[in-house]
Amino acid sequence: MAAISRETLLEWYRQMVLIRQFETQCDILYKEKKITGVYLHLYSGHEATGVGAVATLRPTDHVITAYRDHGIALARGMHPNVAMAEMMGKRTGCSGGKGGSMHLAQRDLNFWGGYAIVAGHLPLAAGIALESRYNGKDDVVLCFIGDGATNNGYFHEALNLSGVWDLPVVWLIENNGYGMGTPVEVASAQPELVKRAIGYGMKEGPRVDGQDVIAVYEAVSEAVDYARQHGPVLLESLTYRYKGHGVSDRSYDKMAELRDWQQRDPILILQRKLVEMFPDVEPELAQIERDVAKVVHDSVIFAEDSPVPTYEDLIRHVYVED
Amino acid sequence: MADKMLPMREALRMALREEMLRDERVFVMGEEVGAWQGTHRVTRGLMDEFGARRVRDTPISEMVIAGAAVGAAMAGLRPVAEMMTINFAFLAVDAIVNHAAKIHYMFNGQFRVPLVIRAASGWGDQATATHSHAPEPIFAHFPGLYVGCPATPRDAKGMLKAAIRDDNPVLFTESIALYGKPGPVPEDEDFVLPIGRSDVKREGRHVTIVTYARGVEWSLAAADQLAKEGIECEVIDLRWLRPLDMTLVYESFKKTNRCVVVEESLPRFSFGSEIAALIQDEMFDYMDAPVKRVSAMDVPLPYAREIELMALPNAQKVVDAVKEVL
Ligand SMILES: Cc1ncc(C[n+]2csc(CCOP(=O)(O)OP(=O)(O)O)c2C)c(N)n1
Ligand SMILES: [Mg+2]
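Top line first, the protein sequences correspond to chains R and U.
Here the working numbering is used: the first residue of the first sequence is 1, the next is one more, and so on.
Here the working numbering is used: the first residue of the second sequence is 1, the next is one more, and so on.
If you're looking for bench data, these hints aren't it; they were derived computationally from the structure.
Quick caveat, the model's predicted, so the values are computed rather than measured.
Take these hints with a grain of salt, some might be off.
To be verified - For the chain U half of the interface with chain R, some residues (derived, Cβ under 7 angstroms), not all of them:
id	residue
1	I60
2	M63
3	A68
4	N108
5	G124
6	A127
7	Y250
8	K255
What the hints assert, rightly or not - Sample of chain R residues lacking proximity to chain U, with all beta carbon distances greater than 10 angstroms (derived):
id	residue
9	A3
10	H62
11	G77
12	N81
13	G153
14	E157
15	N160
16	G177
17	D209
18	W261
19	Q262
20	D265
21	E304
22	Y311
23	H317
24	V318
From the three backbone atoms N, C-alpha and C, an ideal C-beta is built for every residue, glycine too.
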């Protein structure tokens, strides 16, 4: 694999810092009751997986994920303003304030959305990939899957179908160790989740270190190339959720475990690498952090200043109107 | 162009074939739709004509049949997915209800889901409890989905073509008992019956019978019988449970002031409940009698023929209900 440029690495750094700061801000806004509702699942800790994986795609490729979707949306290029406005249920949000935190989407980025029914988006990924094959395109679908989602029937049906139809899907399990409160080993009879590829006659990708954006990028690149030319791949990224399952997660007593994972913080790892490779880079990193802080701050202002949806919005788009 | 006498399954096939010829994006997927020629022979010959790209045999995977069809539709194709029978669509309710019906709204109009899910529906000959559902009203509960249920071969062709051409997701049910029944079908390739338009299947002035799908058959048979006694029933086929077009029902009710609702499915929280509620809401000043309902009995369907038939609606039950409201 060709060396990754300084510019690219800095862009990944920027995206990861953006996701971290955005999520930290969401957490604060939730506590201030500016983001409301019962669901808010933060991507903090997962940044290297989302950024490294999405970076492998072309604009014509497709991305789809579950409800832990803020980081993926930002990595795919969604403007933080429209993402933040959606968090606050504003009319200017990417889904007009009708989707909320779990349902970010942006059609013109081929970001097909976050989905709140565990594993419910997997068949959609297969269908989107079918369109690519049907029309003789070589676009691929990158589908993020929670470890918990691998035990849902949709997982089986969608992976098997992608196998028999040779669909260009990269099935990427984000294994963060838990589905809500249930550890992988308790929920999955085969806790090495990527091994399930065998059952679908599918290429088995690696279990990659999900804290290392370069490792994720390399593994997913290979998978994407394979999917483009041949068919589906299953791979797994090992990561950790820093903020528990979601805002409702009060049982978060895993401080020791959290500290261990934070030793291998994805942003820290990339930072160390950058400094090692380019000793003069530190001022740039600091500048990125300041720039991102402003972007996130602006997104909050934008969202706060935005109008709430109207009665017309409430009744619109139940059906296609033209 | 002349009409042709065809059974409903062939009218449906004509619609599928015409739409596949007309629009490259239209394709068929489902269990046994291709090489096996379709469980109910609706898709017979299509694989030979269109090949495996456009007539796609799937594994026995209802969740992904419905869900992949949703994804393909979002991406710009126009899938016609078949559920071998509607009983198996229960496994796909999530994909249909949470995704097909919600995606356009939930993402604020960014995606469209031009999808048709066809499903054979209703009870057959002693198909027993798990295989004897006609649960169209369950699906009609959800905004975002259209639900079409044809009663004649002609309607089947025109309604299915409309469903395929529409940009909204449609659950399209086909009564198993009607597949083999012939009727005149227009050969015109542009014969399309607009979505959400109900139809007077027989005119009359004494009682309005509101029904759909297989209920039309029982209602017309009952009307024939009652006509001999001088009772004229107006039979209104709603055709679509969503969008629900009540205009013809209200017009008719203003004339008859009496109504019987006939449905193949169960009586609780049902089509009949909904129609009765709407009539008392909108037509209270015209009511001369309570609305009566003819439904299946409130039991799972048994195997033994004698008691199976006892549990199901039929023309005689419609006749009795009409006499009750007179
Ligand atoms: C079909 C379904 N069942 C249960 C839930 C409730 N639920 C929401 S998230 C979740 C855990 C999923 O864990 P995982 O797939 O590992 O994703 P993670 O939250 O770790 O990103 C559960 C059980 C749901 N949303 N959908
Ligand atoms: Mg998990």
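Report holds if the minimum CB distance from H62 (chain R) to chain U is greater than 10 angstroms, and violated otherwise. The claim breaks: H62 (chain R) does not keep its Cβ more than 10 angstroms from every Cβ of chain U (closest is about 8 angstroms).
Is the nearest CB of chain U more than 10 angstroms from the CB of Q262 (chain R)? 34 angstroms, holds
Distance rule for G77 (chain R), whose beta carbon must clear each one in chain U by more than 10 angstroms: Correct as stated: the minimum Cβ-Cβ distance to chain U is 15 angstroms, above 10 angstroms.
With 10 angstroms as the threshold, tell me whether H317 (chain R) passes as away from chain U on beta-carbon distances. The assertion about H317 (chain R) is violated, with a minimum of 4 angstroms to chain U.
Given as non-interface: N81 (chain R), partner chain U, CB spacing beyond 10 angstroms: 16 angstroms, holds
Restraint: K255 (chain U) near chain R, CB-CB cut 7 angstroms. Satisfied or not? At 32 angstroms from the nearest chain R Cβ, K255 (chain U) fails the 7 angstroms test, so the hint is violated.
Does N160 (chain R) clear chain U by more than 10 angstroms, comparing its Cβ with all Cβ atoms of that chain? Violated, since 6 angstroms does not exceed 10 angstroms.
Under the criterion of a CB-CB separation shorter than 7 angstroms, is A127 (chain U) in contact with chain R as hinted? With a minimum Cβ separation of about 25 angstroms from chain R (threshold 7 angstroms), the hint on A127 (chain U) is violated.
E157 (chain R): least C-beta distance to chain U exceeds 10 angstroms? 4 angstroms, violated
Taking C-beta pairs only, is Y311 (chain R) more than 10 angstroms away from all of chain U? Per Cβ check, Y311 (chain R) is outside 10 angstroms of chain U; nearest 15 angstroms; holds.
Under the criterion of a CB-CB separation shorter than 7 angstroms, is G124 (chain U) in contact with chain R as hinted? G124 (chain U) check fails; min Cβ-Cβ to chain R is 27 angstroms, beyond 7 angstroms.
Could you check that no beta carbon of chain U comes within 10 angstroms of the beta carbon of A3 (chain R)? Answer for A3 (chain R): holds, closest chain U Cβ roughly 35 angstroms.
The structure is inconsistent with the numbered hints 1, 5, 6, 7, 8, 10, 13, 14, 15, 23, 24, although it conforms to all the rest.
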